[in-house]
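**Q** Below are the chains, spelled out letter by letter.
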Amino acid sequence: MAGASRPEDRPLSPHLSVWRWHVTMLSSILHRLSGIGLYAGGVLFAIWLMAVAAGAETYAPLAPLILSPLGQIVLYLIVAGLAYHLANGIRHLVFDTGAGLEPGDADTSAWFAILFAIAAPVGLWALLTFGG
Amino acid sequence: MSERSMRTPLGRVRHHGAGGAGTGHFIATRVTSIALAILAPWFAVSAALSIRDASYVQALDFLSNPVNAVGAILLIAVGFYHMSIGMQEVILDYIHRPFTKMLLLLLNAFAPLVLAAGAVFAVLLVNFGV
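So the protein sequences, as listed, match chains A and B. Residue numbers for the first sequence, in the working numbering: 1 to 132. Residue numbers for the second sequence, in the working numbering: 1 to 130.
Hints in this document: simulated from the structure, not taken from any laboratory. Fair warning: this is a prediction, and the values are worked out from it, not measured in the lab. Treat the hints with care, since some could be wrong.
Covered stretches of chain A, going by a simulated chain B footprint (3 or more residues, C-beta under 8 Å) [as the list claims (entries may be wrong)]:
| id | stretch |
| --- | --- |
| 1 | 30 to 37 |
| 2 | 100 to 112 |
| 3 | 115 to 129 |
Restraint-style ranges between C-beta atoms, simulated for each label pair [stated by the list, open to error]:
| id | chain 1 | residue 1 | chain 2 | residue 2 | range |
| --- | --- | --- | --- | --- | --- |
| 4 | A | SER68 | B | HIS16 | 20 to 30 Å |
| 5 | B | ARG30 | A | VAL43 | 20 to 30 Å |
| 6 | B | ARG14 | A | VAL43 | 32 to 42 Å |
Backbone N, C-alpha and C define an ideal beta-carbon position, used for all residues, glycine too.
So here's chain B without its partners, still in its complex pose (with noise of 0.2 Å):
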């Protein structure tokens, strides 16, 4: 701060501080955790239930349910949102490297929005695929 400045010193800091975006993250973590702490252990429990030979014939009879589907679908949609969003403060934790955490923050936004399309695409096609 030796060099001269004509800006005064809220000038220089306004806009660097918090994105005002914490509250809005905080929320949807507690929101999708509500809806995951139904979804998730069900869908554990009635999947593991079900498939217990771990065979195909089992798990595409599981999938073809329609309960099951909108189940699966429901939890990807949830889940891996949830997912995205709990990995994102640990990346901001942890990481401190500015190109390393942008790198990790990019995958983590975009990994499991793929996965996520995928395994809708699968349960879609489990039912309606020829």
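Chain A with its partners taken away, still in its complex shape (with noise of 0.2 Å):
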């Protein structure tokens, strides 16, 4: 190629520096994120689970624990965290079989899983704190 620079010269993948902001750059990220972090849910799941086996006295801390307000966020995130892996877990699924992965498409549904990230563990605490 005419005036081309030496090969060391040349931009190298993925163009970080050029890359404009995408939301399935986004889903992509958060997918690896969420799963992550409830690697460290999935741990503290058979804590709680090992500590109900122990019995009453050694479970006693962990319900003050749990209700307290970090105990509440930790959950928080463990629910939200589930909904998104869930729900961006199924649009996966959806891309291996070919569909779905049109732009507009693969953009509304990372959309959709975002929201319903949210949407998920505001409801089910709604449902905790008002319902029946």
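Assembly of the complex is requested from the two constituent chains, each provided in isolation within its own frame, with the hints serving as guidance.
**A** As structure tokens, then:
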């Protein structure tokens, strides 16, 4: 190619400096993040189960901890992460069939997964607070 | 590659490529995700609705129900396996130092197994313990 620069001057993939922000990029990052977060959630779940099995005395300090603001924030994040990973996971299963990969469709489903992750924990906490 | 060798270029690269386990890994991720798409939201919502005050009595009550106990064991088995193969992918993508990578891969192979064994035993103890 005429006027081409030396190989080492070529721009390197993934061209982070010229990328424009895109919701499908965010959806991919959030899937990894929620997956890593749920890994920690799984560890907490196992500890909780073992505490129940250990008996009332061992479990005793856990109840106020779970109901404390910190405990509720952690639970809220676990539910939000679960909702996101679930919705986006289903989105990826659809992608695996070859469907929904058009940019417009992929954007729409990415937004749906993000909105579901916001709505699901809000809905669950509303149900627990105001439900019967 | 300045060193002279009797080996052909093909002979040098053979057996240094992909392990051939990628497809099985891919399918295992998908199959476990389908099971978890049902198990995880069902368990999370029914546990949240049953264990309202986070108390020991309510937790024990919830886990003593046979359906919940079987559901919990399935969730633990499938969930921790899915966690392990998912995290393996993340480690292989981001950790490049051979020693750190191998250490994390080993930890990721063992920790979910230990936690899953402990969690399943806990559910059994709640139901059959003295």
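**Q** Give a verdict on every hint.
**A** Verification of the supplied hints:
1. Chain B is given as covering the stretch 30 to 37 of chain A, and this holds because 3 residues of the stretch bring a CB closer than 8 Å to a CB of that chain, at least three being needed.
2. A count of 0 residues in the stretch 100 to 112 of chain A with a Cβ less than 8 Å from any Cβ of chain B is obtained; the coverage claim is therefore unmet, three being the minimum.
3. For the stretch 115 to 129 of chain A, the assignment as covered by chain B holds, since 3 residues bring a beta-carbon within under 8 Å of that chain's beta-carbons and 3 suffice.
4. Separated by about 53 Å at the C-beta atoms, SER68 of chain A and HIS16 of chain B break the suggested range of 20 to 30 Å.
5. With their beta carbons about 24 Å apart, ARG30 of chain B and VAL43 of chain A fall inside the hinted range of 20 to 30 Å.
6. Between ARG14 of chain B and VAL43 of chain A the C-beta distance comes to about 41 Å, which sits within the given range of 32 to 42 Å.
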